[in-house]
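Q: Each chain, written out:
There are 2 protein chains.
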Amino acid sequence: MRQGGRIKLSDVARDAGVSPATVSRAIAQPHLLSEETLARVRASALRLGYLPDGAARALASGRSMTIGAIVPTLDSAIFARALQAMQSTLAQEGFLLLVASHEGHAAAEAQAVRSLLGRGVDGLMLVGAERSPETVAMLKEARVPIVLTWCGDGNFTAVTIDNTLAGRLAAEHLIGLGHRRIGMVTGQLRFNDRQRARLAGARAALVEAGLGLPDQLHSEQAVTLAGGRAGCATLLELDDPPTALIGGIDLLAIGCMEEAHARGIAVPSGLSVVGIDGLDMSAHVSPSLTTVHLPIGRIGTLAAETLMALVSGRPAATTMLPVELVVRRSTTGFG
Amino acid sequence: MRQGGRIKLSDVARDAGVSPATVSRAIAQPHLLSEETLARVRASALRLGYLPDGAARALASGRSMTIGAIVPTLDSAIFARALQAMQSTLAQEGFLLLVASHEGHAAAEAQAVRSLLGRGVDGLMLVGAERSPETVAMLKEARVPIVLTWCGDGNFTAVTIDNTLAGRLAAEHLIGLGHRRIGMVTGQLRFNDRQRARLAGARAALVEAGLGLPDQLHSEQAVTLAGGRAGCATLLELDDPPTALIGGIDLLAIGCMEEAHARGIAVPSGLSVVGIDGLDMSAHVSPSLTTVHLPIGRIGTLAAETLMALVSGRPAATTMLPVELVVRRSTTGFG
DNA sequence: AACTTGAATGAAAGCGCTTTCAATAGATGC
DNA sequence: GCATCTATTGAAAGCGCTTTCATTCAAGTT
Chain A
11 MRQGGRIKLS
21 DVARDAGVSP
31 ATVSRAIAQP
41 HLLSEETLAR
51 VRASALRLGY
61 LPDGAARALA
71 SGRSMTIGAI
81 VPTLDSAIFA
91 RALQAMQSTL
101 AQEGFLLLVA
111 SHEGHAAAEA
121 QAVRSLLGRG
131 VDGLMLVGAE
141 RSPETVAMLK
151 EARVPIVLTW
161 CGDGNFTAVT
171 IDNTLAGRLA
181 AEHLIGLGHR
191 RIGMVTGQLR
201 FNDRQRARLA
211 GARAALVEAG
221 LGLPDQLHSE
231 QAVTLAGGRA
241 GCATLLELDD
251 PPTALIGGID
261 LLAIGCMEEA
271 HARGIAVPSG
281 LSVVGIDGLD
291 MSAHVSPSLT
301 TVHLPIGRIG
311 TLAAETLMAL
321 VSGRPAATTM
331 LPVELVVRRS
341 TTGFG
Chain B
11 MRQGGRIKLS
21 DVARDAGVSP
31 ATVSRAIAQP
41 HLLSEETLAR
51 VRASALRLGY
61 LPDGAARALA
71 SGRSMTIGAI
81 VPTLDSAIFA
91 RALQAMQSTL
101 AQEGFLLLVA
111 SHEGHAAAEA
121 QAVRSLLGRG
131 VDGLMLVGAE
141 RSPETVAMLK
151 EARVPIVLTW
161 CGDGNFTAVT
171 IDNTLAGRLA
181 AEHLIGLGHR
191 RIGMVTGQLR
201 FNDRQRARLA
211 GARAALVEAG
221 LGLPDQLHSE
231 QAVTLAGGRA
241 GCATLLELDD
251 PPTALIGGID
261 LLAIGCMEEA
271 HARGIAVPSG
281 LSVVGIDGLD
291 MSAHVSPSLT
301 TVHLPIGRIG
311 TLAAETLMAL
321 VSGRPAATTM
331 LPVELVVRRS
341 TTGFG
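Same order as they appear, the protein sequences are chains A and B.
Per the numbering used here, the first sequence starts with residue 11, numbered consecutively.
Per the numbering used here, the second sequence starts with residue 11, numbered consecutively.
Quick list of the computed label-pair ranges, beta carbon to beta carbon:
1) A:Leu58 <-> B:Gly104: 32 to 40 Å
2) B:Pro251 <-> A:Gly274: 31 to 39 Å
3) A:Ser298 <-> B:Ile275: 16 to 24 Å
4) B:Pro143 <-> A:Thr328: 45 to 53 Å
5) B:Arg273 <-> A:Leu56: 52 to 60 Å
6) B:Ala214 <-> A:Asp250: 52 to 60 Å
7) A:Gln102 <-> B:Arg273: 36 to 44 Å
SDA-like cross-link-like pairs, simulated, lysine to any residue; straight-line CA separation at most 25 Å:
8) B:Lys150 <-> B:Ala327
9) A:Lys18 <-> B:Glu151
10) B:Lys18 <-> A:Glu151
11) A:Lys18 <-> B:Ala152
12) B:Lys18 <-> B:Glu46
13) B:Lys150 <-> B:Ala116
14) A:Lys18 <-> A:Arg57
15) A:Lys18 <-> B:Met148
16) A:Lys150 <-> B:Gly104
17) B:Lys18 <-> A:Ser71
18) A:Lys150 <-> B:Ala53
19) A:Lys150 <-> B:Leu61
20) B:Lys18 <-> B:Thr47
21) A:Lys18 <-> B:Ala70
22) B:Lys18 <-> A:Glu144
23) B:Lys150 <-> A:Leu61
24) B:Lys150 <-> A:Arg52
25) A:Lys18 <-> B:Leu69
26) B:Lys150 <-> A:Leu56
27) A:Lys150 <-> B:Lys18
28) B:Lys150 <-> A:Arg57
29) B:Lys18 <-> A:Arg153
30) B:Lys150 <-> A:Ala66
31) A:Lys18 <-> B:Ser71
32) B:Lys18 <-> A:Ala70
33) A:Lys18 <-> B:Lys150
34) B:Lys18 <-> A:Leu127
35) B:Lys150 <-> A:Asp25
36) A:Lys18 <-> B:Ala66
37) B:Lys18 <-> A:Ala66
38) A:Lys150 <-> B:Pro62
39) A:Lys18 <-> A:Thr47
40) B:Lys150 <-> A:Gly104
These are calculated hints, taken from the structure and not from any lab test.
Yeah, the Cβ is synthetic: ideal placement off N, Cα and C, and Gly gets one too.
Full structure from sequences and hints, please.
A: See below:
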């Protein structure tokens with residue numbers, strides 16, 4: 011499909027009076043050339059407006075200078091921030107980000123993995139550790155580094171946070187405040203090990219405190235503000251409604267606050283709410299949200315750095331980033 | 011770098027007892043093969059776990075099945091939503107999205123354009139119409155379709171919204187409410203034609219109403235909540251402070267409300283605030299934000315569709331999507 | 001002065017696929 | 001019955017680059 015005009019490496023070579031090999035070296039390994047030759051080649055390339063063909067380079071060298079990333083969705087403050095951090099870190103090394111989203115479907119993720127691997131990405135970033143055996147097999151057969159984020163497993167290098175701890179910190183904060191009936195609104199648990207871990211962490215803390223988290227005090231919702239509202243509504247309509255709520259992500263927690271507000275229940279005096287994420291926005295809603303802050307940007311940066319290390323043969327270990335409770339105005343003592 | 015194992019097209023051909031050409035056809039033009047042959051080839055491919063090499067395909071065919079997108083940043087609800095919409099539309103056609111961000115720097119955008127074009131994207135999406143002449147030249151020489159979003163110019167196909175009208179609608183709403191001193195907080199105007207157009211639209215409406223928008227009633231800030239707060243603070247500290255504020259984007263407007271709140275000024279009774287964007291969040295802050303709603307997701311979808319049309323040789327025209335004022339609780343009458 | 005060595009460059013063989021161009025073989029038309 | 005199609009398939013020439021492997025030549029070495 012490429013039309014007549016495009017300047018190719020051999021044109022530059024002819025113009026500069028050198029062999030194609032020399033031009034190739036001028037691009038990828040300039041230190042191999044004499045200053046004089048290098049300057050001449052560069053001048054020709056610049057004058058002709060030469061742009062190396064990435065596909066040809068990738069085919070010949072086996073490296074595409076491209077990293078793939080598959081996230082549940084780009085339309086989320088969380089993943090958007092992580093990807094932005096990744097992208098800007100990768101750009102510094104001359105790598106580009108090829109993105110795909112699966113919107114919560116394991117099959118779509120498998121398809122994306124196939125597609126990205128087929129495109130010859132030099133590395134792949136995925137979210138969470140849960141996926142079908144076939145997808146895992148594909149990843150293991152892939153000849154490129156894989157980095158999991160948020161949650162890891164023993165199989166791949168990962169940049170994780172302790173989701174269980176995050177859930178626990180949220181619960182313990184409320185327990186410490188004297189709450190005895192604590193509910194939780196999470197996103198879909200299916201194909202989402204992050205949410206499951208947070209729920210498990212909260213539940214463990216509640217059980218240890220002798221409170222427990224019975225099923226009717228847990229509501230599983232879509233990860234949207236509306237989901238948060240719906241979850242909150244469900245829990246508040248119980249005969250013995252909770253006095254405090256944990257949101258599996260900040261967005262859900264904010265939705266909970268909103269629903270409470272709509273029902274004339276004041277937060278935190280009538281209902282304490284704590285989130286998990288530490289969105290910028292959460293500090294700015296009213297009342298400001300107590301939340302377990304996760305270093306999202308760091309996840310992206312570190313995932314990129316880990317991938318860069320692995321790509322160039324340097325070792326890289328799985329990392330776990332710290333999480334931290336940030337107490338703001340949406341929680342208060344009870345009883 | 012590729013190691014021994016990877017199955018290639020010729021392996022499948024041998025296994026299926028056909029020529030490489032036939033396998034290639036089985037992948038890209040199955041209708042050319044007899045059902046029997048096709049089935050045999052597919053079975054072999056499946057059994058061997060064959061994954062076509064994207065770089066080789068791209069090199070041989072001149073198409074990479076990849077679309078590039080360059081946005082100011084991924085870490086923004088706006089661009090994240092547009093990209094998600096684009097990505098999911100493209101995925102349906104088997105295309106992948108290669109993303110880059112320039113974070114407000116024209117030079118970074120030029121670099122990204124070079125990089126993506128070099129990678130052989132089959133089409134390119136850009137935000138806004140303002141860029142250096144060199145970048146424009148590069149785009150014009152590119153043999154792939156270019157689609158601008160948000161703002162267009164005569165040079166390229168575009169999927170736009172009327173930013174000027176958005177600014178005007180925001181201003182006219184406040185004017186209609188009786189406000190006589192109206193300020194505006196925008197993001198950086200440099201390398202951001204969207205913000206400039208919104209400012210211009212608001213200013214035009216204010217001038218027509220005999221009010222005008224003197225420079226000291228306009229504050230240029232970073233596009234963050236903190237920027238909104240700072241801008242609001244600046245304007246409220248004037249000797250004759252405004253009674254209403256327009257935010258160049260919702261985030262700035264929300265920052266304004268927050269600053270007002272922090273200063274004990276009630277919104278909307280003490281200060282009316284209107285935004286431009288229609289973020290989901292804006293309906294959920296307190297008070298809910300009056301804003302000019304922009305169809306962000308549609309921009310992404312349409313940009314993808316336009317690109318798909320152009321890529322396959324179908325015609326596609328520049329589109330302008332409607333904007334709409336959504337009145338909520340952050341604005342009220344004055345005087 | 002003959003011998004290494006290292007730096008700079010070129011020649012040429014692919015990388016794994018797509019795509020003309022031909023060839024073959026039934027099917028169709030007159 | 002022979003020319004003409006049409007549907008299938010194969011052969012082979014690249015796509016534009018990278019990368020051994022050689023070669024050349026100047027600088028050290030002994």
